[in-house]
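Generate the whole structure from the sequences, applying the supplied hints.
Residue numbers (the working numbering), protein chains in the order written: chain A, 27 to 176; chain B, 72 to 179.
By construction, these hints were calculated from the structure, which means they are not laboratory data.
Positions of the beta carbon are idealized from the N, C-alpha and C atoms, including for glycine.
There could be a bad hint or two in this list.
Stated by the list, open to error - Pair by pair, the computed Cβ-Cβ distance ranges are: (1) E129(B) x Q110(A): 17 to 25 Å; (2) R107(B) x K65(A): 22 to 30 Å; (3) I114(B) x N28(A): 40 to 48 Å.
Unchecked claim - Just a sample of chain A residues kept apart from chain B, beta carbon distances all over 12 Å, derived: (4) A31; (5) F75; (6) D77; (7) P80; (8) L83; (9) I91; (10) S108; (11) Q110; (12) S128; (13) M132; (14) R141; (15) L163.
The residues making up each chain are set out below.
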Amino acid sequence: MNRRAFLKATGVALGAAALSGIPVRAQGLEGEDQANLEKALKEALGKGFKDLTPSNLVKLTMPAIAESGANVPAEVEVNLPSAQVKAIHLFADKNPTPRLASFMPMKALPYYATRVRLAETSAIRAVVETADGKLLLASASTRVTVGGCG
Amino acid sequence: MAIRVIVRLTPAKPKAGEEFRLQAVAQHPNEPGTRRDERGNLIPAKYINLVEVYFEGEKVAEARPGPSTSANPLYGFKFKADKPGTFTVKLKDTDGDTGEATVKLELA
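This is how it looks when you write it as structure tokens:
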């Protein structure tokens, strides 16, 4: 493939990824690792992946592509009143320690932003514990060029 | 050693009832314990695992970041402006080092 064709093809692919990439379904994400995630969920919440309900009330914003895994911005926002949100947890399937952070909004609005390390291309999960004991899930996926944990 | 922390509000002077963001940035290596130095030895883990936000002495939010937080981390929170006062952000890492910074909330 010559250079021009290559650039054109990758440009189109990247553009399509950027346009379609943000609200991804839970299935068929790049960099999934159910076994690793399951272990972390058990540890943090005492629940498994099947107990989570995908919900569009939870908005997880991750970049589609991160050049360096050492510094990836992550943002979660929950479209529920603060009183109904007990905790927000972030997980990355492929990290050696999948749990990225937990956040307890007491008087704050259910919003949390941070910067995380990703070991490699991974699916990211935002799990929201509600006051009535439900677990809501939002997933995203970030492609990592250089890992941040090794 | 104390951790250096900077806290700021956006917008700096929110109107009453308006939502605003509180962002804290700390100067910290946040070693996850999985990285190796140039001689191949593991760098021991040392990361911030507790972030607490106080408003006028009352705890209003708490985050427990894990080892996979980036170096010089940022923590962002959102609040609704109600009354003026002082926010204090307190950090603690796995070695027990602490950091603290305050920011005044003034209403426009």
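Results for each hint:
1. A beta carbon spacing of about 20 Å between E129(B) and Q110(A) agrees with the range 17 to 25 Å that was offered as a hint.
2. Here the CB-CB span from R107(B) to K65(A) is close to 24 Å, well matched to the stated 22 to 30 Å.
3. Here the CB-CB span from I114(B) to N28(A) is close to 44 Å, well matched to the stated 40 to 48 Å.
4. Distance to chain B confirms A31(A) as a non-interface residue, since its nearest Cβ pair spans about 37 Å, more than 12 Å.
5. Chain B leaves F75(A) outside its interface by the beta-carbon criterion, the shortest separation being 18 Å against a cut-off of 12 Å.
6. Distance check on D77(A): its Cβ is at least 21 Å (rounded) from any Cβ of chain B, clearing the 12 Å threshold; non-interface status holds.
7. Against the 12 Å criterion, P80(A) stays outside the reach of chain B, whose nearest CB is about 23 Å from its own CB.
8. With a cut of 12 Å on Cβ distances, L83(A) stays outside the contact zone with chain B, its closest approach being about 16 Å.
9. With a cut of 12 Å on Cβ distances, I91(A) stays outside the contact zone with chain B, its closest approach being about 16 Å.
10. The claim that S108(A) lies off the interface is violated: its Cβ sits roughly 9 Å from the closest Cβ of chain B, which falls inside the 12 Å cut-off.
11. No Cβ of chain B approaches the Cβ of Q110(A) within 12 Å, the least distance being about 15 Å, so the stated non-interface status holds.
12. Look at S128(A): its CB is around 5 Å from the nearest CB on chain B, not clear of 12 Å, so calling it non-interface is violated.
13. A beta-carbon of chain B is positioned within 12 Å of the beta-carbon of M132(A); the least distance is around 5 Å.
14. Chain B draws R141(A) into its interface by the beta-carbon criterion, the shortest separation being 4 Å against a cut-off of 12 Å.
15. For L163(A), the non-interface assignment is confirmed: its Cβ lies about 18 Å from the closest Cβ of chain B, beyond the 12 Å cut-off.
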